[in-house]
Amino acid sequence: DLNEIETIAWDYDSTSLSTRGHLLTPIRHELRAMGLPDAHTVWKMQSGRRVRYAGIVINRQRPGTAKGVVFMTLEDETGFVNVIIWRDVFQKYEMLGKTASFLGVTGKLQSEDGVVHIVAESLWDPAIARRPHRRSSRDFH
1 DLNEIETIAW DYDSTSLSTR GHLLTPIRHE LRAMGLPDAH TVWKMQSGRR
51 VRYAGIVINR QRPGTAKGVV FMTLEDETGF VNVIIWRDVF QKYEMLGKTA
101 SFLGVTGKLQ SEDGVVHIVA ESLWDPAIAR RPHRRSSRDF H
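Just so you know, the working numbering puts 13 at position 13 of the sequence shown, and the rest follows in order with no gaps.
Treat the hints as calculated values from the structure; they're not laboratory data.
Check the hints yourself; a few may be wrong.
[What the hints assert, rightly or not] Only pairs whose alpha carbons sit at most 25 Å apart, straight line, appear in this in silico DMTMM-like list of lysine to aspartate or glutamate: (1) K108 - D38; (2) K67 - E77; (3) K98 - D88; (4) K108 - E77; (5) K92 - D113; (6) K67 - E30; (7) K108 - E121; (8) K98 - E75; (9) K92 - E77; (10) K108 - D88; (11) K92 - E75; (12) K98 - D113.
[Said to hold, decoys possible] Now the in silico label distances, taken between C-beta atoms and shown as ranges: (13) F80 - D125: 26 to 36 Å; (14) F71 - N3: 14 to 24 Å; (15) G64 - T99: 14 to 24 Å; (16) V69 - L2: 34 to 44 Å; (17) R32 - A66: 30 to 40 Å; (18) Q61 - D1: 33 to 43 Å; (19) D1 - A66: 39 to 49 Å; (20) N3 - R49: 32 to 42 Å.
Please read these numbers as outputs of a predicted model, since none were measured by experiment.
Even glycine gets a Cβ: it sits at the ideal position worked out from N, Cα and C.
Please model the complete structure; the sequences and the hints are all you need to start from.
This is how it looks when you write it as structure tokens:
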């Protein structure tokens, strides 16, 4: 028998999605204990607030016209969070920024006209006991 995490991971390995739950659902209580909000909560926060968030990296973009700025989208069981990473910040955390499938970000929340994103100050590896299943992101560099 597979436990909840293994069952969801098996679904993702087989079909790249799961109707049984999201990869972060089984560990949400650990993330809450660390004071990390879900995406739905981030979307309701006031613009200008400093925020810490952790999610699954679903894509990375580094357009040639963006002068080294990297755009990421992270997801959890409640939705998506867009992240803007300026060149100097990305260079400082480059290895983590390029390879992590589960990523923590600290930065300033910007919200205007329904567009919400975190401008990253730092990237980090969430220190939790149970890690979500590793998943590939869609990267456009």
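A quick look at each hint next to the structure:
no.: 1; hint: K108 - D38; in the structure: 16 Å, holds
no.: 2; hint: K67 - E77; in the structure: 32 Å, violated
no.: 3; hint: K98 - D88; in the structure: 14 Å, holds
no.: 4; hint: K108 - E77; in the structure: 22 Å, holds
no.: 5; hint: K92 - D113; in the structure: 31 Å, violated
no.: 6; hint: K67 - E30; in the structure: 37 Å, violated
no.: 7; hint: K108 - E121; in the structure: 8 Å, holds
no.: 8; hint: K98 - E75; in the structure: 16 Å, holds
no.: 9; hint: K92 - E77; in the structure: 29 Å, violated
no.: 10; hint: K108 - D88; in the structure: 16 Å, holds
no.: 11; hint: K92 - E75; in the structure: 23 Å, holds
no.: 12; hint: K98 - D113; in the structure: 30 Å, violated
no.: 13; hint: F80 - D125: 26 to 36 Å; in the structure: 20 Å, violated
no.: 14; hint: F71 - N3: 14 to 24 Å; in the structure: 35 Å, violated
no.: 15; hint: G64 - T99: 14 to 24 Å; in the structure: 21 Å, holds
no.: 16; hint: V69 - L2: 34 to 44 Å; in the structure: 41 Å, holds
no.: 17; hint: R32 - A66: 30 to 40 Å; in the structure: 34 Å, holds
no.: 18; hint: Q61 - D1: 33 to 43 Å; in the structure: 40 Å, holds
no.: 19; hint: D1 - A66: 39 to 49 Å; in the structure: 47 Å, holds
no.: 20; hint: N3 - R49: 32 to 42 Å; in the structure: 36 Å, holds
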